[in-house]
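Protein chains: 2
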Amino acid sequence: LITALAGGVGAARFLTGLLKLVKEEDLTIIGNTGDDIEMFGFHISPDLDIVAYTLAGLADEKKGWGLEGDTFRCLDMLKKLGLETWFNLGDKDLATHIFRTELLNKGFTLSEATDSICQALGLRVKILPMTNDRFETRIRIEEGLVHFEEYFVKREAKDNVLGVEFVGAPSARPAPKVVDSIMKAKLVIICPSNPIVSIGTILSVDGVRNALKQTNAKVVAISPIVAGAPIKGPADKLMRGLGFEVSAFAVAKIYADFLDDFIIDDQDASEKTQIESLGMRVKTTNTLMKTLEDKVRLAKVVLEC
Amino acid sequence: LITALAGGVGAARFLTGLLKLVKEEDLTIIGNTGDDIEMFGFHISPDLDIVAYTLAGLADEKKGWGLEGDTFRCLDMLKKLGLETWFNLGDKDLATHIFRTELLNKGFTLSEATDSICQALGLRVKILPMTNDRFETRIRIEEGLVHFEEYFVKREAKDNVLGVEFVGAPSARPAPKVVDSIMKAKLVIICPSNPIVSIGTILSVDGVRNALKQTNAKVVAISPIVAGAPIKGPADKLMRGLGFEVSAFAVAKIYADFLDDFIIDDQDASEKTQIESLGMRVKTTNTLMKTLEDKVRLAKVVLEC
Numbered sequence: 001l002i003t004a005l006a007g008g009v010g011a012a013r014f015l016t017g018l019l020k021l022v023k024e025e026d027l028t029i030i031g032n033t034g035d036d037i038e039m040f041g042f043h044i045s046p047d048l049d050i051v052a053y054t055l056a057g058l059a060d061e062k063k064g065w066g067l068e069g070d071t072f073r074c075l076d077m078l079k080k081l082g083l084e085t086w087f088n089l090g091d092k093d094l095a096t097h098i099f100r101t102e103l104l105n106k107g108f109t110l111s112e113a114t115d116s117i118c119q120a121l122g123l124r125v126k127i128l129p130m131t132n133d134r135f136e137t138r139i140r141i142e143e144g145l146v147h148f149e150e151y152f153v154k155r156e157a158k159d160n161v162l163g164v165e166f167v168g169a170p171s172a173r174p175a176p177k178v179v180d181s182i183m184k185a186k187l188v189i190i191c192p193s194n195p196i197v198s199i200g201t202i203l204s205v206d207g208v209r210n211a212l213k214q215t216n217a218k219v220v221a222i223s224p225i226v227a228g229a230p231i232k233g234p235a236d237k238l239m240r241g242l243g244f245e246v247s248a249f250a251v252a253k254i255y256a257d258f259l260d261d262f263i264i265d266d267q268d269a270s271e272k273t274q275i276e277s278l279g280m281r282v283k284t285t286n287t288l289m290k291t292l293e294d295k296v297r298l299a300k301v302v303l304e305c
Numbered sequence: 001l002i003t004a005l006a007g008g009v010g011a012a013r014f015l016t017g018l019l020k021l022v023k024e025e026d027l028t029i030i031g032n033t034g035d036d037i038e039m040f041g042f043h044i045s046p047d048l049d050i051v052a053y054t055l056a057g058l059a060d061e062k063k064g065w066g067l068e069g070d071t072f073r074c075l076d077m078l079k080k081l082g083l084e085t086w087f088n089l090g091d092k093d094l095a096t097h098i099f100r101t102e103l104l105n106k107g108f109t110l111s112e113a114t115d116s117i118c119q120a121l122g123l124r125v126k127i128l129p130m131t132n133d134r135f136e137t138r139i140r141i142e143e144g145l146v147h148f149e150e151y152f153v154k155r156e157a158k159d160n161v162l163g164v165e166f167v168g169a170p171s172a173r174p175a176p177k178v179v180d181s182i183m184k185a186k187l188v189i190i191c192p193s194n195p196i197v198s199i200g201t202i203l204s205v206d207g208v209r210n211a212l213k214q215t216n217a218k219v220v221a222i223s224p225i226v227a228g229a230p231i232k233g234p235a236d237k238l239m240r241g242l243g244f245e246v247s248a249f250a251v252a253k254i255y256a257d258f259l260d261d262f263i264i265d266d267q268d269a270s271e272k273t274q275i276e277s278l279g280m281r282v283k284t285t286n287t288l289m290k291t292l293e294d295k296v297r298l299a300k301v302v303l304e305c
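Going down the list, the protein sequences come from chains V and G. To convert, note that position 30 of the first sequence is 30 in the numbering used here; the numbers rise steadily by one, no gaps. To convert, note that position 246 of the second sequence is 246 in the numbering used here; the numbers rise steadily by one, no gaps.
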């Protein structure tokens, strides 16, 4: 049994490779819900969705978000009606939000809604939201606190990051099976996702970090930072804004209290000794995932830990 | 000042012609909300929308419903997710329902939401829902009572109609300005719409029928029945199912207590004397509206009453 902590696109890419090597039924994915946002009355879960879409083979891999071949007719009309339309909402993508929101309004939990979406998409892999409670990642910029998606999509990650706040974190309980899936796994994988706003959110949910320390599973992470820069997303700005150095070593420090193995890119081999001094094994490999072969190869390295 | 009682497509076509002759600001339209339906969590107002879309020049006139050039990507995806998708929901059309539902959820009335939609579409004409209270037209078929849209769209109007029920009618109050717009008008037009499920619903709202009797306005109707058949829609089945004859005369009887003038098609000239015996003036003309010229010509006949 394998459990993976996942953010969005980077994690989804890695997991595509992993699922060429392990059975869907044996994999549980704990997804980040800190990016979840209410928009036009819908509950949108960007990270849960991109993982599900990618694993179902429906994602637009070139664009890096959304569903392949999606259109934006509804969004165009919403704009015509005078609504704020900075959040990219495809016509097909919208159906997922409609479905999820209807289930939530009927009293189902986000776990149950996510399960229904996965089943409808034909997935046998289990995707668990980290929590069913309200949890919202806010970024402090000069103008004040804004929702992560507002910082990332609307403001195009251009602001100086002065801080990060996880609204709801103190009272957010892990969703059913989250802690259990970590405790019962043989291998826990921390996907190459943003260590602060993707993995950091999951780690902040009560009991998760502790489970990672206590589990008998081997805990392996893949560095999302290669040669001092994130492969995707605003991790560098976020890390720098919070006073972290932007390096594999800095990521390793964040995970040091529970990590057994850390996989870093060949380009960062010079950091190996320094990271090992934190008390973890380090493997160097090519971590860039351009082709499916790249993804499978990286997954193989993880499984061989 | 002119006030029109309107159903869906037939009314919208007529009103397009009327607005070539009168100023938008001088026209108030009272729309049928008996077809309104909750679908996927949205409040959908089919008749209010088709009138607004048509007058804004956005309707798909050929298809007879929806927005021109609309696509159905979201609906396709909802189907893939396992939802019932018999209700035709275009991607652009959806934006109107999202906008309306958000306004209603924020506590605005259907009147206010309709106003916002009209303004956003650039309309200066006033469209009033007949009521802001719950009102639902149900059709009794052999299997029981079904929502009008279920009878009409899902079951393609194929069932024998055993009866019609207006759920909520006894307690539905007219929306603001509805009664007032009838009382203050110089001319009230009953559009060529279904006399039972489009106009009949409006007439059943407390105070509306009485206002039509009391107003000093001239009240003029255009028959939706030509040569024993409706121009559009299931009016014949509905009328027959309720024991009415399908004729201009039968429609005239439904409106007899408040109607001053009734405009019937040349093809029904033989009914003229019979209808006049109900105590109203009758004008015969070509009531078929194929071109914009047809619509304007018919509107001219109404204005000359």
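For the record, the hints were derived by calculation from the structure and aren't laboratory data. Any given hint could be a false lead.
Claimed, not checked - Once the Cα atoms are required to be at most 27 angstroms apart in a straight line, the calculated DSS-like pairs of lysine-lysine come out as:
| # | chain 1 | residue 1 | chain 2 | residue 2 |
| --- | --- | --- | --- | --- |
| 1 | G | 213 | V | 106 |
| 2 | V | 79 | G | 62 |
| 3 | V | 79 | G | 154 |
| 4 | G | 177 | V | 106 |
| 5 | G | 126 | V | 80 |
| 6 | G | 23 | G | 106 |
| 7 | V | 184 | V | 79 |
| 8 | V | 63 | G | 79 |
| 9 | G | 154 | V | 80 |
Now the hints, each set against the structure:
1. G:213 <-> V:106: 45 angstroms, violated
2. V:79 <-> G:62: Between residue 79 (chain V) and residue 62 (chain G) the Cα gap is close to 26 angstroms, so the pair holds against 27 angstroms.
3. V:79 <-> G:154: Distance of about 31 angstroms is beyond 27 angstroms: violated.
4. G:177 <-> V:106: 35 angstroms, violated
5. G:126 <-> V:80: Within the cut-off at roughly 19 angstroms; holds.
6. G:23 <-> G:106: This hinted pair is violated, its Cα atoms lying about 33 angstroms apart.
7. V:184 <-> V:79: 48 angstroms, violated
8. V:63 <-> G:79: Roughly 25 angstroms between the alpha carbons, so the hint for residue 63 (chain V) and residue 79 (chain G) holds.
9. G:154 <-> V:80: The given pair, whose Cα atoms are some 30 angstroms apart, is violated under the 27 angstroms limit.
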